[in-house]
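Student: With the hints as your guide, set chain B onto chain A.
Chain residues, written in single-letter form:
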Amino acid sequence: MKKLITIFLTLFMLISTAACQKTPEKAVVVKKDTERMIEQAQASDTDGSSLISALGIPDKYNVNETYFEGKMLLSGEAPVYLPSVETVPIVEVAPSDFSQEFIDKAYKALVGDTEMYQVQQGVVLKANLEAQIMNLQKRIADPNTNAEQKSYDEETLSKLKELYNSKYAIDTFEWIKGSTQLTELYKYDQYTMDKTESYYGVALSESPDDSVDNVIRFSVNNSPVGEDVSKDAVLLYENGSIKPSDTSVTYQWGTVSADNYPPELVDLSGFTPEQAYKQGEKLIEDLGLSEVVSLGNMYLNIVFSNPTEAAQVSAFANKNQLTKQAALNFDEIYKESLQSCALNAQGDVRIYYTLNYCRNISGVLVTHDVPSTFVTDEAWGPQWVHEDIVLSVMPEGIGSFSWNSPYKVTNVMAKNSSMLPFSDISSIFKKMILYENEQLFDSADINSGLSQLEFVVTKVTLSLQRIIEKNNIDNGLLVPVWNFYGVQIGRSKDGLEIALKKDTPFVSVNAVDGSIIDLARGY
Amino acid sequence: MKLRTKLTVFSILLLAAAIALCCAIIISFAYQGEVESITSAGISDFEDLYREFVWSSTDSIPDSPIVRRSYIINKFRSLADAGEFVLQKGDEFWVNNTGFDVKSILPAGKAAKLSESGSTQYKLARIDGADYFIAANPASIAQEDYYVSLMRNVTPQINSVRSLAAKCALVGAVITAIAAYAMHLIVLRSLLPIKALQEGANQLSGGKYAERIPVHGHDELSELAADFNSMAEAIQGSIQELNERAERQQAFINDLSHELKTPVTSILLSSETLLSRSVPPDAAQNALVRIYDQCKWLEQLSLKLMTLVLLQGEISLREESVAELLEAVKESTADKLEKQNMKLCLNCEMDTLPMDFDLMRSALVNLVENARKASRDGQTIYLCAKNNTIEVRDFGQGIPAKELPRITEPFYMVDKSRSKKQGGAGLGLAIVQRIASAHGAALTAESIPGEFTAIKIVFQAK
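Here the protein sequences come in this chain order: A and B. Mapping of the first sequence onto our numbering: position 257 corresponds to residue 257, and the numbering continues sequentially without gaps. Just add 1000 to wherever you are in the second sequence, counting from 1, and you've got our numbering.
Chain B extracted, bound-state conformation:
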């Protein structure tokens, strides 16, 4: 069953039950009130008559049975409403226009109440489709036993309550019907946002990641719509990132294939040369040297690729001295810098950092190597650690602005010919980026061509 149907049905059933309960309570009160009124009036009338009849009948009772009978009947009729009061002597009815034997309805000891006076039995009864108030009391007149009773038709009064019940039922039914229709409309309208959500989800599953659900109001459904839009945004972003990553991976593979192709081709050519029958010794020597160089190059490349792969996992960090780190970097790069008459200036204003010492040294060495390759002989390279940032700054040729975003791409080289000449594969900054990411740091680059280049590893503040 659909949610709107469930909501509508439950609401209507609840409303109907509430209305029925209210009506039942009202009718119950009305009925009780009517019964009290009937009982009070009936008992009063009966006891008044009873008293008057018994009292007035004690004087000068005739001796003759027929005359006594006539006398008592006449006395009774003169006091009582002949239509509802009954006079009985033994089993013989002397006055009875009700048509019923009251004793059969109100036998002694059976479910009947006693009036306040304690002598009159009374009850309400439904007989042959009509309601009666019945009261009775034995009487003794001139040592003879009589039975006086009242059987009053109270159907109109009870029917007024029934009529009220019918009206309540009718009004209740009308109200329920109107409310049902209104509830149906309200539920339909209330569930429109869910329908929109459903459509949005369908579109999302169909690949339309840019579609959003309109958000109206500030209720729970509008919050759900907003959350859905956020989810769609996140999914769209993830899909986009996945697409970009897939593109990057494809580009990496393409670049790797391209990078591998050159040395492999050179090794094959050189091997071909060596395998040919007549190769002069110096040509063979050259071929061997080329094979050796290309294999060295491939070894370097594979080492760097391995580093890249290893850096995809998590590393363990320890608090290490930044000053010692910088000193280690200086030591690792001293020989090559000295050959070019270059200097590495250190400035350490940090104490410790959580790091993998060897990886961070490798990253900084990489940055200093790049700075060396970009600088002229005799220039100074600066290595500074300050404010959770380790910076390598050179004053070499710089990097054009449009190249800056790509410098950390694997195999990307700004000046390919110079880099290759200097033995570069375009993986250095990619590895530094990975090392920085593994440390939770960011790698930033600043450069003005012809002036400087500053590569920074920015650590998170403690």
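Isolated chain A (complex conformation):
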């Protein structure tokens, strides 16, 4: 009997292990791409490859190349912007949230003693809903409204009516004294008020009604709670009483500095760039942001209270329909036009300044040309937003301060990165710009209309930019990156020329290993 039971149990065990896993294998572990790059960057400094001055970088980048028997041209005599230090580090960074300590400091520096209240979330004023419902009904009733819009509006109207009849529609807000203490807050679906996301933050305002414009607001949204979420903590201060109204139109004139600005425009408000710069510096100091520096230039913004007058500028604001000459001289032409409109405006014209700040890691600025990098290839997938610190300074005071997606330096991977000579970088650039665009000449559709493509390099920079490993936004690396900016001109067979002043670089090259960086992917 015992023998039989033993046989049965053995049989049972054998059968039970039928779906067992494969025998584990041994594999040689090797370094990943970023690890190899860091290793390369940490190479011995005996050849001077870590010194910027030893890389053979010209003051101006001259390039003149012809491809495809003249179908594609590359040219330029572009200034090269370098860090003010000799060496560039590589550091590891990780997304960070705003600490309670910083929030309190920022609140004190920005809001001061202003009486602030908790913004009530998850509810909406009936009066606001009534106004929205009325507007929608008006538009639906308008015979000029197209069918698609009408259908969309009807759907929206139905949702608003349902919301109006729900417990989330209130007559008045409660005025609860505000606290800067981080608490768990939620994002809500605007129609059903279902909680869609939770995060820790602060939501304060002079009015508990979030929709009121001309009030001071102070909010902190740390990164959402949970897995597979974007990294985009935000601290936002707005003074609605001094910022431009919704009906006004704002144009950015361009960069100004303390000693380089259009006096006629500045005289409109009597508020100089230097004054704005000092205000900004004071705030940065009050906030204790020692690693944050101004990007050097600030933007002069012009606010037109009369939209009609502002519309005159729009023709020049469109960068997509320019000639080559206009594109190359875009900045000048645009500025002249804007200034002319502003000075001749009948309506009220105000100016204010926008100051952009960025990190300064060992004397090297951290820049970015795209808003964020996506973790996966999905359009709505999690993303890691690039850090932005933007300050708007009005003659009346700080109009707004926003700090998006802060990060912390977790490790210095290489103090002085070993970099490739500029000649190699230039060769890579010249090859890659060809590779990136050669398919335009392969395509029969485009080839039938496109006769020539020209790239004119207008600026070359060396700065720190963030790269990540695919599917990983828990940490990244700030590495030295060469960026080549310029104007792209397309000429058709019938003589039409269209130029585009690109906001993003033609090519971004990793200064350490010469690899090309896809800015959207971040690697």
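Read the hints as simulated data drawn from the structure, not as lab findings. Cβ coordinates follow ideal geometry from the N, Cα and C atoms, glycine included.
Where chain A lies over chain B, by a calculated footprint (3+ residues, C-beta under 8 Å):
1) 1068-1077
2) 1087-1098
3) 1119-1132
Tutor: Chain B in isolation, oriented as in the chain A frame:
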């Protein structure tokens, strides 16, 4: 180990083995299906990339090594998912975010399969607790050798099978547990009749022969219960018969002792008389005559007892003529019948019978003697053989109904005083009964007091 435990344990083990086998087969199929899906997708993705990469990389390869490197890496990254595809030149990794040296897992010539195209090596491997699909193929671009590979983490897909296995195991365990409990109850209930049998056997061994086991249903156990009841019935009958036989034997011994006591007492008295000093000659003569008569009586008794004993064994039978038998009986009884002016009428309608001729004659003579003793002078006694029955009928005093069942008991006499006067010991019919039994026949008696008595020996039909 008790039978119920054995049955339960074996059933559960068998059920568990069956469930485990089913689960193993299902999981095996699921695993194979998953592997096929992974392999098919992996090979397709790899070969698509490989073709695109090699084809697109043949144009305008830069001369400068650093630029070429940058160019090829960028081209590779633009086509491949940087997380799982690997580009290698010699021992140098150009693109590798898997963290593994694929060549160490998929070295040339080692256990790997080839795709249908015959060029891509592939396999599934488990490394550091994760499952990977690995495919690889060397590539030549501008006369330089590269190695392109794919190392795709397929742990979620494989884990789905593992999860299925775990669920199967859990469900199987739950089913086995429930079935075990149910089996235990079923076995217990099924073995209740055996318990009843056991109790019945105990009672039977304890002497309660009248107890029976209740029979329910029509299955094997109810048949066993019925058979047990039959056995108990038979045992009860045998015990009863044995008891009755013991009683009869005791009664026989008592009767024999009683029968012996009378003649022995008479012989002793007569002997005492003869041994006394002064006994007159005629008294002595009387005593001697009494001694002689009693000794004759004892001799007769012992002869009859001997016959009774001898008849307990088997006799050999032969086909003998019934008519001759009847004639022999008539001849043996003629003298005594003639003295009483009685007649013996014969009627033979049978041919032969298997018999011991002498014993049967002795039995019939005995019956005719009894008939003679019961009849008056001048009456007729009939001796008939017909339909396998030999009958002796007289028209004498008859036998009361209540005496009929006892007439074949040894030493039993209906009218003791008359029988003794006529020299009877009460053994005659007992001997006839034994002779009839030895021939496989039955002895029956019919009688109406004052009218007739018919004693029949009924033979079995041929």
